[in-house]
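Colleague: Listed below, chain by chain, are the residues.
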Amino acid sequence: MRPSPSAPAGAANRASSRAEGGSEGRAVSPPRAAGACNGRRPRRIRGVAGRGSGSAGTRRNARCPPSLLFYKMLGFLQRPVVVTADINLNIVALTAVGLLSRLWRLAYPRAVVFDEVYYGQYISFYMKRIFFLDGSGPPFGHMLLALGGYLGGFDGNFLWNRIGAEYSSNVPVWSLRLLPALAGALSVPMAYQILWELRFSHCAAMGAALLMLIENALITQSRLMLLESVLIFFNLLAVLSYLKFSNSQKHSRVPPADPERARRRVASACIRAVLGELFPALLSALPRPFSPSWWFWLALTGVACSCAVGIKYMGVFTYLLVLGVAGVHAWHLIGDQTLSNVCVLCHLLARAVALLVIPVIMYLLFFYVHLVLLCRSGPHDQIMSSAFQASLEGGLARITQGQPLEVAYGSQVTLRNVFGKPVPCWLHSHQNTYPMIYENGRGSSHQQQVTCYPFKDVNNWWIVKDPGRHDVAAPLSPHSQEVSCYIDYNISMPAQNLWRLEIVNRESSTDVWKTILSEVRFVHVNTSAILKLSGAHLPDWGFRQLEVVGEKLSPGYHESMVWNVEEHRYGKSQEQKEREVELHSPTQMDLSRNLSFMARFSELQWRMLTVRSDDSEHKYSSTPLDWVTLDTNIAYWLHPTTSAQIHLLGNIVIWASASLATVVYTLLLFWYLLRRRRNICDLPEDSWLRWVLAGALCAGGWAVNYLPFFMMEKTLFLYHYLPALTFQILLLPVVLQHVSDHLCRYGALAATPQGLRVKGVINDDFSVTWNGFRSQKRHREGTTGFRGQSSGWLGDESNRRGWGPGRAFVA
Amino acid sequence: MLCATSRLLAATALPAQPRGGGPAPRCRRRELHFPGHPELSLCDFLTGQLVRPSVPAGRRAILRRGRMPPAVGRGLAGSELRPRRGCCGPQAARALGPDVATEAAARSLKRPAPGSRRFEAAARWALLALVTLLSFATRFHRLDEPPHICWDETHFGKMGSYYINRTFFFDVHPPLGKMLIGLAGYLSGYDGTFLFQKPGDKYEHHNYMGMRGFCAFLGSLLVPFAYLTVLELSRSLPAALLSAALLTFDTGCLTLSQYILLDPILMFFIMAAMLSMVKYNSCADRPFSAPWWFWLSLTGVNLAGALGVKFVGLFVILQVGWNTVSDLWHLFGDLSLSLVTMGKHLTARILCLIVLPLALYTATYAVHFMVLNKSGPGDGFFSSAFQARLSGNNLHNASVPEHLAYGSVITVKNLRMAIGYLHSHRHLYPEGVGARQQQVTTYLHKDYNNLWIIKKHNTNSDPLDPSFPVEFVRHGDIIRLEHKETSRNLHSHYHEAPLTRKHYQVTGYGINGTGDSNDFWRIEVVNRKFGNRIKVLRSRIRFIHLVTGCVLGSSGKVLPKWGWEQLEVTCTPYLKETLNSIWNVEDHINPKLPNISLDVLQPSFPEILLESHMVMIRVLWPSPFDDFSKSSWLSTNLDHKSLAMGNNGLKPKDNEFTSKPWHWPVNYQGLRFSGINDTDFRVYLLGNPVVWWLNLLSIALYLLSGSIIAVAVQRGAHLPAEVEGLSQVLLRGGGQLLLGWTLHYFPFFLMGRILYFHHYFPAMLFSSMLTGVLWDTLLRLCAWSLSSSSLARGVHVVGILSLLLGTAYSFYLFHPLAYGMVGPLAQDPRSPMAGLRWLESWDF
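For the protein sequence lines, the chains are S and V, in the order given.
Numbered per the numbering used here, the first sequence spans residues 204 to 1014.
Numbered per the numbering used here, the second sequence spans residues 8 to 851.
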């Protein structure tokens, strides 16, 4: 609830603000407004959360010159400060019921349910602050779940190994599941507000919320430690806040009758925007664009989008949708010639900052927090580069701690391939030789094998030797053997054991070969072949280790040719003194400080995107086509003895009717489009715009959250459909209201009862709430009242405006 | 003479026009305002100086409709369209509104001197002839070199031979391109005997020039097509000339046109479709006239051609589709057209752009299947029923017993396309991969190791013993399958399968047919009642393992080397019904049973068509669960065995890094067509870097200038007439080309398959045309903004000329890439190409 300062129309500005309706007139009584507005629609009473901006597009306070602001300020002094509060009981009730349905017996079952087994291990990692790598999504979602664990005091000691395992007493099940449940519960009132902001009726909004409330798939998914409900929450939040933002924007831009006046108004609006920046106290009196609520909703849109992306990559599509809608709106803004160029630029900049810059920063922030939290080495270290590993506590950092930084002749080193595919490995050699003749009949050098070995081993150590030639290139001669490279390209003879060293990586400004930091290539001096990991496994004679080859035909840079020194010992050099100095020299560095956040971020993000999980089929996996028809389910949990079960299964009535609504919407949209093209406007203009916007967000939201799955090559489950489903559910009341407003009453008003009945079936439980909000609606309708014989159910807007629903408008 | 005439015309026709963008005559070209300039030269002529005597007053109406009025001498329209315009005048007038009608009337009065008109037309045709000649000259120069197989000639030449030999093969591309190659070879006297085994093989006495000549011919036509398209889009001769020059002097286009490849054919059809679409757009004011019908149906024909060569043709179909939809949308909004007329428009497009191409496309397949009637390397990809129609195949005219009986020797084929027959061989699973028992795989080719014997589960007696009566296998029976060659039973147990860890391993087990209860399988026919007999080929059967309850299937994954890169067979515990776990019996040998002829099973043409597309789709876009494209499966089954076709593009060849789509416009890395070492005759497919980088720059410039103009228009800026005309060219004409580039380029980012540099060339055509339009327009804008007339024209002329000369000179530098080089590699400073290795990644 929001207190709104009631300082209406002070003495000084009463004259001017009557007609315009001062911005502060939030709690003004309807009759006055109606009278003053000269037949214009009365302004809505501003309500709490969501009823907010209302559709009364007649705020023209933009015209009041800045000098009057002072008087407005004085108005505070002249009148008592009264705080009135509107509380939309619908929202309160919906929130309550939502919470009840999602939180009731939340801790049951006290066992690992389905994917909790997957997310749980990451929560444990967070609790123990151990680094991990999960390619399924950005870290924000995992962090949110871990936050629940943190709040519940979880110590991370639980072995997440199988579905159905009983939780031990140290696992705070309730608080672990709390955040997803809360997100699921809050989605219910948000559905209500979205429809309201789309300027559909309370009844439609209520319908959407109730459908969300009783959809059992959503309930199931929300009550467990899973991420879909959180994703849905942020998706809806992004849409809702964008709608709030665009509604608060729109009301300042009533089509002006007189362009000159409009120009002045806009200029003053911009001035006020600047003023608002400077004196926040004035803000409450300022008009819509650049007002605090405008900024708030705009920024919230960006934040919600980035949160959605931060939970699952799928969130990107909702983000793109919102961006697209914002882009179209901005394009219209550019076309609005009543705005000055500066003003347009300000608008565009504000949007760019909020919708592009904020999400990027937020996304980086998630990773920053992630990396700050996970500071200890863990089981997934190996996938990362040596430098990254060294920045974690323990693990490689412990080994490499205190080792000399710069590689010198005589150093003993291990060389790790930078590419790390198929597995990270170290350059390796062992006593065995290449076979005389390969399987396919070719001969070999029969020399000692050089391979790449994915485990640490004594045989991974090499010594850097000085050939006593020139100083720039440091040739490396392998330790006590000749290098033999692969068959096809290059067979090195004992004489040809000189390799030229090329430092290729980002810090190539330094000419010294450094441990871990330097990424180097080895170029064979005689043949100019480059030492490379081919990625193939050798046959049995090579112990299935990875093949190392000399790549002669180098098509440029590739990571598989790049190596770095991981462990480094300065070996038994002849000059004892020099060695002593070297070992105790202060060249040791703190690598974690050396590797910048951006470097760590980009490496982590890249590995997350490229890490390939075993996409095997699953018993309950399904294809996107199965989802629409609900031809699949997932058994989440089964009690071993009592056979109590949890299944993820949708409500077939809702799914089918929502899909039907999508089809109807698409068909109707095409029908209207074609008719409008022939200049037959079935719908009044604003009702058409409302219809299109609702479709763009709801049907579009469904499409962008559903269709991409057809392109994905991973194992898919029914729950992947839930974000799309929520948008589809929102579309259902939209279509119903539209049908009842514009189609059912077309021929004869006698058709109304049918319309009622149709809705009565689906929204049966609406009738309970009907009485509850009817009074409010009356109130809002003000003096204009009902015009004609309205159905009284869904169609208040068009009635109030006095538009016969079926009348054709010719533009 | 030329200059004199034009000067005369300019001087007489345009007396003292007001300068700048006055509202009155909407002429688009600055030059027109300064008539009688003393030094009209050939350059002027080239830059389109030739004279538009009268400037239509109602240009704006046309502009709004997105058609450029003929700025340059209007010769093409004049020469070609004028007479027709006369005949369908009323219609045009109605479409364009009254002001245009009056204008048309005025125009007919003030028709310029016939001499100049003829002269313009002649100039235009002369230039076209010049461009065409140059293009043919460059493409046919040293066409016969090298006289050995280059790169993918090994595939497409081979496939041409298959057509001549009428041998059935399978390829992932539709047949038209290869059919044309075959036809060209056939007509030029190639007898189809050359083996086309591997790149580098000498052609010797075989006649390969016919096929190369055919491809070069189509490749040469790209340049005049580009010229005409740009001319139509921009009405500007310099722009057309520039585009044509970019393509003529591009070494990449040249190289790709000189060999027996699908690309020149594909590009030919794409460009032809584009040209006819543009032509038909410019007939839009005379709907249902003869040229309108001609160009519309020609568009359809070319679409069918493009799609018939490669599926990349789909992109140009999208482009034409988009164009058509927006066109119809415009027409639909024209309230002066009745719905009946709209219906006619719609029907015409459906007929010409959907029905006609589909019919032609289907016809190519009909020819394909008619010509290829002999058994060949492609058989294994297709169902048994299909194979029965190929002569030489063992199913052709074959007769087999109809119902399975105990003792029958059978082959079992997976119903999923391109998975193959159930197979086993005398090799064990390696250590660590489940139990160390005999491997069971699927294999695409016919082999004795595909034979299995059906036996009763509980008795080991020989069912073929004549003393026993014949006992049929029925739905629901418990059976054993014994591998004929090794006498081991099909077996499964609770060990994980080698690749799909969640499935059970399937092995061959037992000695001489004696195993254990894990060898028992229940045979079930899908959707049948218990007790029914099982039919050869027709019945879709499943094998359910009795002990574990799992279903025999193939995961479609390729086993490593130890499994000979055959496909994995598993027993899946998930009983979901997929094609991977359904089989049918193909060969069936049982001497005790009467045979029936298989001819009754021959599929109809629609079935064949559907099936071949299913196979292509499966090979091109494998489903998520088989790692099919990423493996060497195709190479094993297609190349090495030299049985099926080679497939260019699904598997990286040795020593080749596959290229990424972002490499292409940058010209990052070429493709070696022939030769590696310094003694070889080397041909390297690489775009002319000057052309390509200019194209790249132009796209960026286009986006920039386009968005500036769009924003300005949206802000309601009032552009001067000239600028508005030019910006219309840029937005509409350039937009078409940009769309073409986008459609032919960006989808590759989504493709999982292996990609090659040459995939970019269709997009490159569009990008070159865009460059022509853009630079001409930008130079005109520059010229317009200059105050001095001579300077203005100078800027334009110099700009265009320097671009032309620049590309020509760079072609001179880089031509050895296309025409072949011998001698040291470019890394070597002694090489003549040493200075030209501008990027490290070029290795020529």
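The hints are simulated quantities; they were obtained by calculation from the structure and are not laboratory data.
Please note that the accuracy of each hint is not assured.
[Claimed, not checked] Below are the DSS-like pairs computed for lysine-lysine, each with C-alpha atoms no more than 30 Å apart in a straight line:
(1) V/Lys568 <-> S/Lys659
(2) V/Lys491 <-> S/Lys822
(3) V/Lys381 <-> V/Lys542
(4) S/Lys917 <-> V/Lys463
(5) V/Lys491 <-> V/Lys599
(6) S/Lys917 <-> V/Lys542
(7) V/Lys491 <-> V/Lys205
(8) S/Lys822 <-> S/Lys917
(9) V/Lys463 <-> V/Lys381
(10) V/Lys205 <-> V/Lys599
(11) S/Lys822 <-> V/Lys509
(12) V/Lys491 <-> S/Lys917
(13) V/Lys667 <-> V/Lys205
(14) V/Lys583 <-> V/Lys509
(15) V/Lys583 <-> V/Lys453
(16) S/Lys917 <-> V/Lys568
(17) V/Lys351 <-> V/Lys453
(18) V/Lys667 <-> V/Lys453
(19) V/Lys568 <-> V/Lys542
(20) V/Lys509 <-> V/Lys599
(21) S/Lys822 <-> V/Lys453
(22) S/Lys917 <-> V/Lys381
(23) V/Lys542 <-> V/Lys599
(24) V/Lys667 <-> V/Lys568
(25) V/Lys568 <-> V/Lys599
[As the list claims (entries may be wrong)] Okay, the calculated beta carbon distance ranges per label pair:
(26) V/Gly830 <-> S/Ser339: 39 to 47 Å
(27) S/Val531 <-> V/Thr749: 17 to 25 Å
(28) S/Ser496 <-> V/Thr749: 18 to 26 Å
(29) S/Asn364 <-> V/Asp523: 29 to 37 Å
(30) S/Val295 <-> V/Ser333: 43 to 51 Å
(31) V/Ala297 <-> S/Gln540: 57 to 65 Å
(32) S/Trp809 <-> V/Phe295: 55 to 63 Å
Values in this document were obtained by computation on a predicted structure and should not be read as measured data.
Beta carbons: idealized from backbone N, C-alpha and C, even for Gly.
Colleague: Flag every earlier hint the structure violates by its number, smallest first.
Modeller: The structure conflicts with hints 2, 4, 6, 7, 9, 10, 12, 17, 18, 19, 20, 21, 22, 25, 26, 28, 31, although it agrees with all the remaining ones.
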